[in-house]
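Sequence lines, in order, name chains A and B.
With my numbering, you'll find the first sequence wraps up at 1696, consecutive numbering, no jumps.
With my numbering, you'll find the second sequence wraps up at 387, consecutive numbering, no jumps.
None of these hints come from the bench; they were simulated from the model.
Using N, Cα and C, we set each Cβ at its ideal position, and we do this for glycine too.
You may find that some hints are simply not true.
Stated by the list, open to error - Straight line, CA to CA, 30 Å or less: simulated DSBU-like cross-link-like pairs of lysine-lysine:
#	chain 1	residue 1	chain 2	residue 2
1	B	Lys350	A	Lys1312
2	B	Lys139	A	Lys1312
3	B	Lys381	A	Lys1453
As the list claims (entries may be wrong) - Take a look, some chain B residues computed to stay more than 12 Å from chain A by CB distance:
#	residue
4	Ala131
5	Thr180
6	Val190
What the hints assert, rightly or not - Okay, the calculated beta carbon distance ranges per label pair:
#	chain 1	residue 1	chain 2	residue 2	range
7	B	Gly155	A	Ile1105	25 to 35 Å
8	A	Asp1190	B	Glu325	47 to 57 Å
9	B	Met356	A	Lys1453	33 to 43 Å
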Amino acid sequence: MASKVVNDFSIIVGTVNGSGSSTANNTILRALFKMGIPVSGKNLFPSNIQGLPTWYTIRVSKDGFTARRDEQEIVVAMNPASFARDLASVVPGGAFFYADDIKQPVTRTDIAVYPMPVKQIVKSDPNIPSDYRDLVGNMVYVGVLAQMLGIDINTIQAALNFHFKGKQKPIAMNFNTVKAAAEWAKANLEKKDPFYVEPMNKTEGMIMADGNTAAAIGSIFGGIQFAAWYPITPASSLAESLNEYLPELRKREDGKHTYAVVQAEDELAAIGMAIGAGWSGLRSMTSTSGPGLSLMTEFAGLAYYTEIPIVVWDVQRIGPSTGLPTRTSQGDLTFVNFMGHGDTQQIILLPGNVNECFEFGWRAFDVAEHMQTPVFVLSDLDMGMNQWMSKPFEYPKTPMDRGKIIWEKDLEELKGNWGRYLDKDGDGIPYRTVPGNKSPLSAYFTRGTGHDEYAKYSEEAPVWHRNMERLKKKYETAKQYVPKPVLHSLKGATVGIIGFGSTEAAILEAQHQLAAEHNIKADFLRVRAVPFTKEVEAFIKQYDEVFIVEMDRDGQLNQLLTIEYPEYAMRLKSVAFGDGMPASAKWVREGILAKHGTVKPSAAKKAAKTAAAAKPRKEAKPKKVAAKTKPAGKTSKGKK
Amino acid sequence: MATTLPMAGTTAQINLAGLAKNDYRGAPTTLCQGCGHNSIANQIISALFEMNVVPENVVKFSGIGCSSKSPTYFLNRSFGFNGLHGRMPSVATGALFGDQFLKGIGVSGDGDSASIGMGQFKHIVRRNVNMVYIIENNGVYGLTKGQFSATAEVGLQLKKQGTNQYMPVDICMEALASNATFVARSFAGNPKQVKELLKAALSHNGLAVLDIVSPCVTFNNQTSAYHSYTWGKDHEEPLHDITYVAPRNEIILEEEMKAGEVREVTMHDGSVVILKNLDKDYDPTSRFEALRVMEEAERNNWLVTGLLYVDTDKPSLTEMYDLVDTPLNRLGDADLRPTPDMIDKVNALMF
Ligand SMILES: Cc1ncc(C[n+]2csc(CCOP(=O)(O)OP(=O)(O)O)c2C)c(N)n1
Ligand code: SF4
Ligand SMILES: [Mg+2]
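So that you can see chain A by itself, here it is in the shape it has in the complex (with noise of 0.2 Å):
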């Protein structure tokens, strides 16, 4: 037997969608890391409600890296119709547990088998109803591993606590279960594999959640008045968790609500229901992911153009069309920055992490409140519907920003001079007014066709191109307000790599690797918003070369940074790849490699010197922090 390996491997999981094995593999999530050891999750689910085959990994890693790994050490195989696929997916000296009910030939002599008796453990418990051993029956794998690799049993317990809510007899039923296959393997197993885990305090103060509730929690401290959603996968449990937790979050003496959640009859209502609300000076939201979004895109316009705060939760899924509706993306990307028909620029806020998505939930409103526009926040399905790891959720430090609306004493003042769509400021932005205010100045006409500053119907040309180069300016003024890039940079970095969103662990992970097996130095970028603040153009101006990340074919997050910055496009590589599956930093390592030094340096540098207006490096850079590749609570930002 090789040496020990601790708390540095991967498990998956393949059972029958439907089988109710996600109790069994949160459990083992949660143990793990109430152990300290940093864990990560990821359902690779089917669209379907029984049957197919499901998968469900686990990466367990000391150093903290939480992205997936394509390498599985551990497989638990309880699926008879994926157990050849599940067995050849071992990597050699690693560990194969099935249920030995199913009669299928193990072949393979490189890796450790272990067969488990789920049948016989679960029926030999007489508390558990028979219509009930299919699903306890979970627990036997759960045990057996708790057994096999050293899980501190009573971290399962608390897990258990948790997932039933304190519920006696589902957690004592399961728990027993868990228990009865851990003495069983104890008895009946003996250890030929080197896996194991072990206690860390790498965990301590985090917290475990994924990003749609975060993001309806972060919805709800941001004082949301209005949400409107149609169900779709993997966005309805951002609405669902708005349900779930509104009531507790806002309760007050009277009994009577300061918000309402409303299930529309499809995306196009749902979004025009968000723009009413918002219209009307409510806090307003609606959740979707791609087919429902594309719905969306007349309404988008309308709000872009008509200059009403909303906030749209993009939870991605991979498409066109259906495509594969449980399978993770960044593909929207494009499509979202210019969504409305003729010249649109919607603003878009990506958050890299949970907690990101827990802030975004209530700075997406202020943002919105403040440029008086459509906010459009782009999560995905691994980000949105998987188990991560997290800071705690912090209280906003600001207080909201309702943006410039005035009410009636402000409009005396004024004497009636205020137009809706009046620059006063110079920045784009005007004042606004909503109904409900009571003084005879105070109405307007909110309308989609032409209109002048005081919201007048107008064709005439010079009116309208006025309005367009204001609403560009307002643009442009965003950039001041939109959340700015994190660096995790690298001492003596030569390369730079930008990515947004849930890729982070996977490029965190590429950047240590590259480094580390590659002598590759390279600055990462995460970007935070669209449009894009004068950082990124900096961060681009110092490297030859900036690798791109997406997940996505056509590399969307590139073609943006070409349009923006096409001086620099030559330094650009695009490192694009998508396939349903979360990040891996196989795929980003391999993708830079096959990238990396395909244009002649001199090339870029020549390139950078006809760039207009190059600035010092130093100047340029944003804060630099001390080396660091590792994820896990440390992460510096750009200043906000």
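Since the structure of chain A is already known, use the hints to place chain B with the ligands on it.
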């Protein structure tokens, strides 16, 4: 915003809200002369004036079409939102959550509501949003120059379009099928009835559907067409004369009432709609009767007009949500953002 100047020749009568009729007007119409939509806009102005409605308490909505342009022709002092084609309902649904004490007035067309917007129309009906939903029904798409709409009758012949082959949609039937709480039909050529029905609709707590046949003089006004003036005038079959009586105005009621001939419907605000039956004791609180009368009219080629159905007991949408007494859009941080101690509770709820 600029207020409308009094129009020459109008009497400067002041209503109980302290306003003159001019305070209810909008911009001059840009629709064709003689368009049925114009006459409806005028009745909206009269109804609101006579009901002493404060313009700031009304919000106007519309979709896209000639009809949907109308909200600019009345109530300059009210907020208005001219949205997307067929999507007025969703915008209105959201907007009226901003201040639940406001009344919505929506003007849409048959294309806007019965074609592209049929889905949203039926859903706003079943949600019972607190607004008057007017469909200015002319059987054509006016603004795009005379294509058939979904309410055009079979066999209608129009220039360039040929003959309509499809069965028409009956807006009142659709509304009833979607559990509307107020359904009425009228005819733009009968301004008195339009006005009285508007008043009843404005008093209704919830969504009031007003299907008003409103001839398009430019694209659909052949004498034989169902949506023309001539046909309308010849075939109109009022269910009953209606006199709307506002609570402050009961003297008129005394005069108009004749024992044995009236049925009263009490609106949510205590006001009363009186239905004067022509030839039968029509009960507008019966869905069954409403459907029967419409079916009968269809068979007899009648344009049955009047208040077809009303249910005053259903809560409106915002009532279902049991909102705070302050309009939502006047709430601030203290009401909306949970207190700092809640963040620890939330973090504890995560694992
Ligand atoms: C999405 C979309 N499709 C098509 C149009 C073009 N369009 C404008 S008005 C209209 C029809 C309006 O008909 P109706 O609602 O009956 O109003 P009317 O002009 O007859 O009063 C159409 C098709 C549009 N504005 N938006
Ligand atoms: S085209 Fe028809 S509907 Fe449009 S304004 Fe003229 S008459 Fe009215
Ligand atoms: Mg029409």
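Hints versus structure:
1. B:Lys350 with A:Lys1312: holds (19 Å)
2. B:Lys139 with A:Lys1312: holds (21 Å)
3. B:Lys381 with A:Lys1453: Since the Cα atoms of Lys381 of chain B and Lys1453 of chain A sit roughly 18 Å apart, the hinted pair holds (cutoff 30 Å).
4. Ala131: violated (4 Å)
5. Thr180: Non-interface label stands for Thr180 of chain B: nearest chain A Cβ at 15 Å, farther than 12 Å.
6. Val190: It holds; Val190 of chain B is separated from chain A by about 29 Å at its closest Cβ, greater than 12 Å.
7. B:Gly155 with A:Ile1105: 25 to 35 Å: holds (26 Å)
8. A:Asp1190 with B:Glu325: 47 to 57 Å: Distance hint for Asp1190 of chain A, Glu325 of chain B holds at roughly 56 Å.
9. B:Met356 with A:Lys1453: 33 to 43 Å: holds (36 Å)
When each numbered hint is compared with the structure, a violation occurs for hint 4 only.
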